[in-house]
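There are 2 protein chains.
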Amino acid sequence: MGKRIYNFNAGPAALPLPVLERIQAEFLDYKGSGMSVTELSHRSKWFDDIINEAVERTKRLLNLDDQFDVLFIQGGASLQFCMVPMNLALEGRPVGYLNTGSWSTKAIKEARVQGKEVHVIASSEDKDFSYIPKGFKVDPNIAYLHFTSNNTIKGTQWAKFPEAGNVPLISDMSSDIMSRPFDVKPFGLVYAGAQKNIGPSGTALAILRKDMLDRVPDGLPSMLKYSTYAEKNSLYNTPSCFVVYTIGLVLQWLEETIGGLENMERINKEKAGILYDYIDRSDFYRGTAERESRSLMNVTFRLSSEELEARFVAEALKQDLGGLKGHRSVGGCRASVYNAMGIDGVKALVDFMKAFENKEG
Amino acid sequence: MGKRIYNFNAGPAALPLPVLERIQAEFLDYKGSGMSVTELSHRSKWFDDIINEAVERTKRLLNLDDQFDVLFIQGGASLQFCMVPMNLALEGRPVGYLNTGSWSTKAIKEARVQGKEVHVIASSEDKDFSYIPKGFKVDPNIAYLHFTSNNTIKGTQWAKFPEAGNVPLISDMSSDIMSRPFDVKPFGLVYAGAQKNIGPSGTALAILRKDMLDRVPDGLPSMLKYSTYAEKNSLYNTPSCFVVYTIGLVLQWLEETIGGLENMERINKEKAGILYDYIDRSDFYRGTAERESRSLMNVTFRLSSEELEARFVAEALKQDLGGLKGHRSVGGCRASVYNAMGIDGVKALVDFMKAFENKEG
Numbered sequence: 001m002g003k004r005i006y007n008f009n010a011g012p013a014a015l016p017l018p019v020l021e022r023i024q025a026e027f028l029d030y031k032g033s034g035m036s037v038t039e040l041s042h043r044s045k046w047f048d049d050i051i052n053e054a055v056e057r058t059k060r061l062l063n064l065d066d067q068f069d070v071l072f073i074q075g076g077a078s079l080q081f082c083m084v085p086m087n088l089a090l091e092g093r094p095v096g097y098l099n100t101g102s103w104s105t106k107a108i109k110e111a112r113v114q115g116k117e118v119h120v121i122a123s124s125e126d127k128d129f130s131y132i133p134k135g136f137k138v139d140p141n142i143a144y145l146h147f148t149s150n151n152t153i154k155g156t157q158w159a160k161f162p163e164a165g166n167v168p169l170i171s172d173m174s175s176d177i178m179s180r181p182f183d184v185k186p187f188g189l190v191y192a193g194a195q196k197n198i199g200p201s202g203t204a205l206a207i208l209r210k211d212m213l214d215r216v217p218d219g220l221p222s223m224l225k226y227s228t229y230a231e232k233n234s235l236y237n238t239p240s241c242f243v244v245y246t247i248g249l250v251l252q253w254l255e256e257t258i259g260g261l262e263n264m265e266r267i268n269k270e271k272a273g274i275l276y277d278y279i280d281r282s283d284f285y286r287g288t289a290e291r292e293s294r295s296l297m298n299v300t301f302r303l304s305s306e307e308l309e310a311r312f313v314a315e316a317l318k319q320d321l322g323g324l325k326g327h328r329s330v331g332g333c334r335a336s337v338y339n340a341m342g343i344d345g346v347k348a349l350v351d352f353m354k355a356f357e358n359k360e361g
Numbered sequence: 001m002g003k004r005i006y007n008f009n010a011g012p013a014a015l016p017l018p019v020l021e022r023i024q025a026e027f028l029d030y031k032g033s034g035m036s037v038t039e040l041s042h043r044s045k046w047f048d049d050i051i052n053e054a055v056e057r058t059k060r061l062l063n064l065d066d067q068f069d070v071l072f073i074q075g076g077a078s079l080q081f082c083m084v085p086m087n088l089a090l091e092g093r094p095v096g097y098l099n100t101g102s103w104s105t106k107a108i109k110e111a112r113v114q115g116k117e118v119h120v121i122a123s124s125e126d127k128d129f130s131y132i133p134k135g136f137k138v139d140p141n142i143a144y145l146h147f148t149s150n151n152t153i154k155g156t157q158w159a160k161f162p163e164a165g166n167v168p169l170i171s172d173m174s175s176d177i178m179s180r181p182f183d184v185k186p187f188g189l190v191y192a193g194a195q196k197n198i199g200p201s202g203t204a205l206a207i208l209r210k211d212m213l214d215r216v217p218d219g220l221p222s223m224l225k226y227s228t229y230a231e232k233n234s235l236y237n238t239p240s241c242f243v244v245y246t247i248g249l250v251l252q253w254l255e256e257t258i259g260g261l262e263n264m265e266r267i268n269k270e271k272a273g274i275l276y277d278y279i280d281r282s283d284f285y286r287g288t289a290e291r292e293s294r295s296l297m298n299v300t301f302r303l304s305s306e307e308l309e310a311r312f313v314a315e316a317l318k319q320d321l322g323g324l325k326g327h328r329s330v331g332g333c334r335a336s337v338y339n340a341m342g343i344d345g346v347k348a349l350v351d352f353m354k355a356f357e358n359k360e361g
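Going line by line, the protein sequences match chains A and B.
Numbering-wise, our numbering puts 2 at position 2 of the first sequence, and it's gapless, one number per residue.
Numbering-wise, our numbering puts 322 at position 322 of the second sequence, and it's gapless, one number per residue.
Hints are not guaranteed to be accurate.
No copy labels: a pair is met if it fits in one copy or bridges any two.
Capping the alpha-carbon separation at 16 Å, the derived lysine to aspartate or glutamate pairs in EDC-like fashion look like this [as the list claims (entries may be wrong)]: (1) K31 <-> D320; (2) K232 <-> D48; (3) K3 <-> E26; (4) K3 <-> E21; (5) K3 <-> D29; (6) K59 <-> D139; (7) K109 <-> D218; (8) K127 <-> E290.
In case anyone wonders, no lab produced these hints; they're calculated from the structure.
Can you make the complete structure from the sequences, with help from the hints?
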């Protein structure tokens, strides 16, 4: 099959090898159709089954009842930054945001661009977004409370979600969707770009509580209304068929091979634990996020100099450990250990970190 | 490789077999990276090369000079229906549309939803969109003139593009982009959903004349501004990486195997000619588009009853000729013969049509 490396990319990211192998095996002839999955009509029985299966698996994995719609919307989380205030703000009431990093900041900017009154309910900008805020009070008048559940760049994550009473929560879960179970009831909307935990880039998964559809204002363009997607099972226009298909296969792997989100969370905790334990025992590597705010998905750390960090990343790649460079906006190192990264990969990384420390430390 | 049928789907549609085989062969290890192309960071050198190559091939195939940007935007042509008036209308001036079918009608609707003053310069709605209008006059005051170059549902196509003097043309070329050469100079914007002639679904290719960027109003959401894509080489956010990669491979096939758009047009004329010649000689099949407006991409025809049409489609599929059912909004039969359909497929279809006529006629 050629070479395979341990891929610590932050997104697009590693996918489960059995999923990739299945795509490869059936790529020229999908289920005896005589067509590639990329050549199927989105109005065919084959594709209906594909999208319905992806929806049903999402509902089972997250225990969604009929109050929720599962939607596939092109444009990634970035388009959601604008669709959320466009669809879900309420006349005469502010919208609430928690600011825990670059992605939250972008979401806030897109709400302001539209002239919405944004209340930033809490922020961790004072300490360079190295922690998750707590002890804040949520104004009950806001139309929604938006937060980023996991911050890929700074390596922080909401271990426990904020509480907002009757205010619907909205969360960008791009980088930790399907990595752990959670109670979806307080959420009006959860959205996630697929390219970290559940598939290739090119689609956001959106989980919308149906009462939110009452908020969608008249006069929006068809492609920017949640109702368009909800009414047509995401088939108003041609969806990103290959991405939806791959998401379905990843969710099948999550259900049938991993055994669901409780198991996935246990594995993810073990993986991140191995890395953080080693970083905490070392004086050579230094974690950047506050301990109780640490992400199970993106383990961010620094070495003593940028020059050493560059050498770390380059030598790791020679050992087939890829994608360890931190985000271009902050530098440093980052190991993204999403669902598809196995414990073997994390152990190989720690072995390399030890060897590098022994050589350079 | 499993079975392969002749795939006459209207979109998503057939892709060149050598492209599919290449994707399959390198799917687990892209160019020795040890990663699938779906797992590469969009900020990596690998993906930079992929997107730059797709851009450069587009420029060479269409003879674009530096006045044009080549962009990849998620959301398909349907999102362009709203982005066009949002970005390219001009204060106090109407926008012009030519209405030749369902897709033009949707584009017009999305301009009106935004409150734009739409002038429908010409329409073929009077004869059920069975022809391409001519002899109309273009009001020089309109901000742009929008038309659909090929109408997949009704099987008509602009053989010669409308002339609008100094008014920039804007065209939805979703179903005939890269099927023939054309002079791009009069165009302010050409856009095309990828899933018919150039790739899988999930991205629109947009060719934007740079002076159009001056029209983009302040205050638009980032993801809905052409300038966001133009300034960042379509990498402001994560693009639909797999689709861009596949488009690049299809364009490589067009350049290196087919030998460019003049050759492609010659082959496409031959293919459509074989089908139309047979339909014109037969009393059993009846073409639905006026002769001089006929599409080289979508050959639409009727049989004497819906019941016979249903049997035609079903029996064709048994002979491995798929996707021949007309659009759900109009019924009848349709053979879509985009770039990837070879002459062998068209000949096999005519052989079947003859046999079916002999049996049923």
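A quick look at each hint next to the structure:
1. For the identical chains of this complex, K31 and D320 are inter-copy neighbours only, at 14 Å across copies versus 34 Å inside a copy, given an alpha-carbon limit of 16 Å.
2. Taking the shortest alpha-carbon separations for K232 and D48, only the intra-copy value of 12 Å comes in at or below 16 Å, while the best inter-copy value is 35 Å.
3. Taking identical chains as interchangeable, the C-alpha atoms of K3 and E26 lie at most 16 Å apart only when they sit on different chains, with a minimum of 11 Å there against 21 Å within one chain.
4. Only within a single protomer do K3 and E21 lie at most 16 Å apart by alpha-carbon distance; the minimum there is 14 Å, versus 19 Å between protomers.
5. For the homomeric pair K3 and D29, the shortest alpha-carbon distance between copies (6 Å) is at most 16 Å, but the shortest distance inside one copy (25 Å) is not.
6. Taking CA atoms no more than 16 Å apart as the test, K59 paired with D139 passes in neither setting, with 31 Å inside one copy and 53 Å between copies.
7. Taking CA atoms no more than 16 Å apart as the test, K109 paired with D218 passes between copies only; the shortest distance there is 14 Å, against 23 Å inside one copy.
8. Taking CA atoms no more than 16 Å apart as the test, K127 paired with E290 passes inside one copy only; the shortest distance there is 10 Å, against 69 Å between copies.
Of the hints listed earlier, the one the structure fails to meet is number 6.
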